[in-house]
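Asks: Take the sequences, apply the hints, and build the full model.
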Amino acid sequence: MPNVPTSPTAPAPDAPASAAGQVSPEDLLTLLAVARLGKYTAAAHSLGINHTTVSRRIAALENSIGDRVLHSASEGWELTARGRELLSVAEDIEAALSRVYPAPAGSGRLTGMVRVAAPEGFCLTWAAPALTELQKRHPGLQVELIASTQRARQYRSGVDIEIMPGRPNVSRSLAYRLNDYSLGLFATAEYLARHGTPSSEEELPRHRIVYYIEHLHGIDSLDTAGRRLPEAPQGFLRSNSMLIHVRAARAGAGIGLIPTYLGETHPELVRVLPQLDHRITYWASVRKEALRNRGVRAALEVLREFCSLPPETPVAPGR
1 MPNVPTSPTA PAPDAPASAA GQVSPEDLLT LLAVARLGKY TAAAHSLGIN HTTVSRRIAA
61 LENSIGDRVL HSASEGWELT ARGRELLSVA EDIEAALSRV YPAPAGSGRL TGMVRVAAPE
121 GFCLTWAAPA LTELQKRHPG LQVELIASTQ RARQYRSGVD IEIMPGRPNV SRSLAYRLND
181 YSLGLFATAE YLARHGTPSS EEELPRHRIV YYIEHLHGID SLDTAGRRLP EAPQGFLRSN
241 SMLIHVRAAR AGAGIGLIPT YLGETHPELV RVLPQLDHRI TYWASVRKEA LRNRGVRAAL
301 EVLREFCSLP PETPVAPGR
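Numbering follows our numbering, with no gaps: position 223 of the sequence shown is 223.
No wet-lab data here; the hints were simulated from the structure. Note that the coordinates shown come from a computational prediction; the quantities given were computed from them, not determined experimentally. Treat the hints with caution; some may be incorrect.
[Unchecked claim] Label pairs and their computed distance ranges (CB to CB): (1) A251 - P139: 36 to 44 angstroms; (2) S308 - R271: 19 to 27 angstroms; (3) S239 - R206: 19 to 27 angstroms.
Where is the CB? At the ideal position from N, CA and C, for every residue including glycine.
Replies: In structure tokens form, the structure reads like this:
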């Protein structure tokens, strides 16, 4: 549950005494962090404070202006109409402070924090090298890369950029296509020598299948791939981790349904039934407020650069 800020008419006992109309720039910067990340804990982390201080500053800001700036929504916080009015003011303060306290010489022009969540395979293959390159260009920029496979959330998730398999449909975000990949079946030559190599999908039930736990992530493209496989009387080995799928297949646990870009990097794995090729696209979901942060825009650009895609217009939900 999100931390509920104290009502504007009843600020926290330890909140700064702010007379009506006297707004603290510090409180506005705190609002900016919550607007971008949607969670008090994530905003606190980015500001180097604790979530109680975030709550106190938001309460002080609301007390100063006599109105709410945030409202609680499922999985996060959203700006009220008054909060949106104050967003540009907070960004002006942030820009002014960056001129007063410039980044150290040689640290690059971008500073602050960018938080990216992506599936493990994408993190290893594209996100980690891309964001490492970004930090080489801008050493003052801090990055948090979270390995996570989940559907895009309708509300704030505590990260700036969410990457997921399949096109997101989030009303408050913009979607950017990154790159395509395939899921294919892989097993070791030793496993196939012991259990036989299937020549058709009808023979798969004789084998143990390695894949995701059914319906765990709620991602249609991944669930559809799993449903294409017949029921296996020999059972299965399921995990929420793509890297565990790869490791289990390499250990001879069964036939793994894994990304071909990972399976083909391990010489001990053999492609089985190559005609079973399930195509999926990685997409990035980014909030409009987050894109007003230059560091977030730069992170999105370098991710697309490493995915070898030209710049393109974002896709609005439902298009």
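Asks: Look at each hint and say if it fits the structure.
Replies: Against the structure, the hints come out as follows:
| no. | hint | result |
| --- | --- | --- |
| 1 | A251 - P139: 36 to 44 angstroms | 40 angstroms, holds |
| 2 | S308 - R271: 19 to 27 angstroms | 23 angstroms, holds |
| 3 | S239 - R206: 19 to 27 angstroms | 22 angstroms, holds |
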